[in-house]
Amino acid sequence: MPTQDNVCEESVYHRVFHSLSASLYNFIYFKCGNVSQAQDLVQEAFIKLWENCEKVPPDKAKSFLYTVCNNAFLNEVAHKKIVLKYVEKTGPNINEQSPQYLLEEKEFEKKLQTALTNLTEAQRTAFLMNRIDGKKYREIAEILNISVKAVEKRMSQALESLRKEIKNI
Amino acid sequence: MSEKLLHKFLNDEISETELETLKASEVYRDYINIAAQTAQFQTPGFDREQLWAKLAEKKKAKEKKTVKLFLYKNMLKYAAVFVLLVAGYFYVTNLDATVSAGIAEKRSFNLPDDSEVVLNAGSKVNYNKSSWNNERVLSLEGEAFFDVAKGKKFDVETTQGIVSVLGTQFNVQSRNNHFHVSCYEGLVRVSFNGEDIQLPAGNSVIIEDGSIVARQEISGTQPGWMFDESTFENMTLENVVAEMERQYGVTITLDNLDEKMRFSGAFTHKNLEAALKTVCVPLQLKYTIDKQRGITIYGD
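So the sequence lines, in the order shown, correspond to chains A and B. Numbered per this note's numbering, the first sequence finishes at 169, counting up by one with no gaps. Numbered per this note's numbering, the second sequence finishes at 469, counting up by one with no gaps.
One should not assume that every hint holds.
What the hints assert, rightly or not - In silico EDC-like pairs for lysine to aspartate or glutamate, Cα to Cα no more than 20 Å straight-line: (1) A:K149 <-> B:D181; (2) B:K173 <-> A:E160; (3) B:K231 <-> A:E54.
If you're looking for bench data, these hints aren't it; they were derived computationally from the structure.
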């Protein structure tokens, strides 16, 4: 990205939005589990970026957005149990599966969703950023401001916790 | 070891052989399963286009709000500047226009309503251009002839009285304590010292020290001075001499003479010596012209 780019320029701002909005949205959704809340927080963050466009160069926009969005999330009164609902991306291959299998799969999904809810916010966020958003550990570490080792720890803990809950151990 | 491979798997950096190794363990098989299944999920409620549209709206709304807040915060500053600007504007537009005729000069000009004013030497008129059409009032120091366009009241204010007319031609002379108004056409009202008189065409009035000293009929359509001649009717010598000074730009000293001596007559504006003669001879006075000391008029 050329250094003369300025976020105050509409085209640059739009480009930033286009590349970062989805991940940012996911990030916040993983935390709060509420669609409208996530949408609002993302909008707030991007508006703040616009208001501070003179002070934030394009390469710093990502960390700015995540920080602002996270802070906004923390500011919101949210002492409710987070229920995450996930939509399955690809439909099951119906031809190949038996009804029994499909049922089992549905069951599994439900259990998984619930289990995800029961993870700590830290574990869940890191885990879903990796799984759903497809982010590598290094990027997750950067965004969450933690070490790669810490990311590894959260991932391991998440899987352990999920497995235990699903298997009813 | 398995942990390492697990993370490789999660980072999508695992090789086939490594994956097989990992799958050997039931626990890790479960992990892989859970991980894979979770990856199938999508977060709901994300529509980039829609979000952008909403964002654009919010942005606009905030910008408007911000502008309002900004104004409010600096309200006092803006008010102060505004007041100064308005005051400045009013001051400038209300500044009076001044027209003056200097020594040995006659000057004519038009008022905004096309009324004509001719100033005699050493005279000054002051009026407000922008409010002229609402109120025709000017102040006069010295002497001027007015040809007033028909319309609303027209006032000439002097320190000795006010002359009010409605479409007429008249001459006003306000010098020292000599207030002389001549009406050539139409009708004129002269207010002075709490009194009010009407002056029809062909008449003139002289007021000195707040009271009428003479009223007389006059002829002609314009005062003599407009034809380069100053005419006097029972005028004090000091005023006659003062007029001569104005017309010629000279200094005249009266040497041991009663300046209240009266003179009736006229002198030309075109020849100083001739002028001096026409004044001095009837009064049996003599004069000298000295390059350094100017003109001296003295008695016999």
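request  = List in ascending order the numbers of the hints, as given earlier, that are violated by the structure.
outcome  = Checked against the structure, no hint fails, so every one of them is satisfied.
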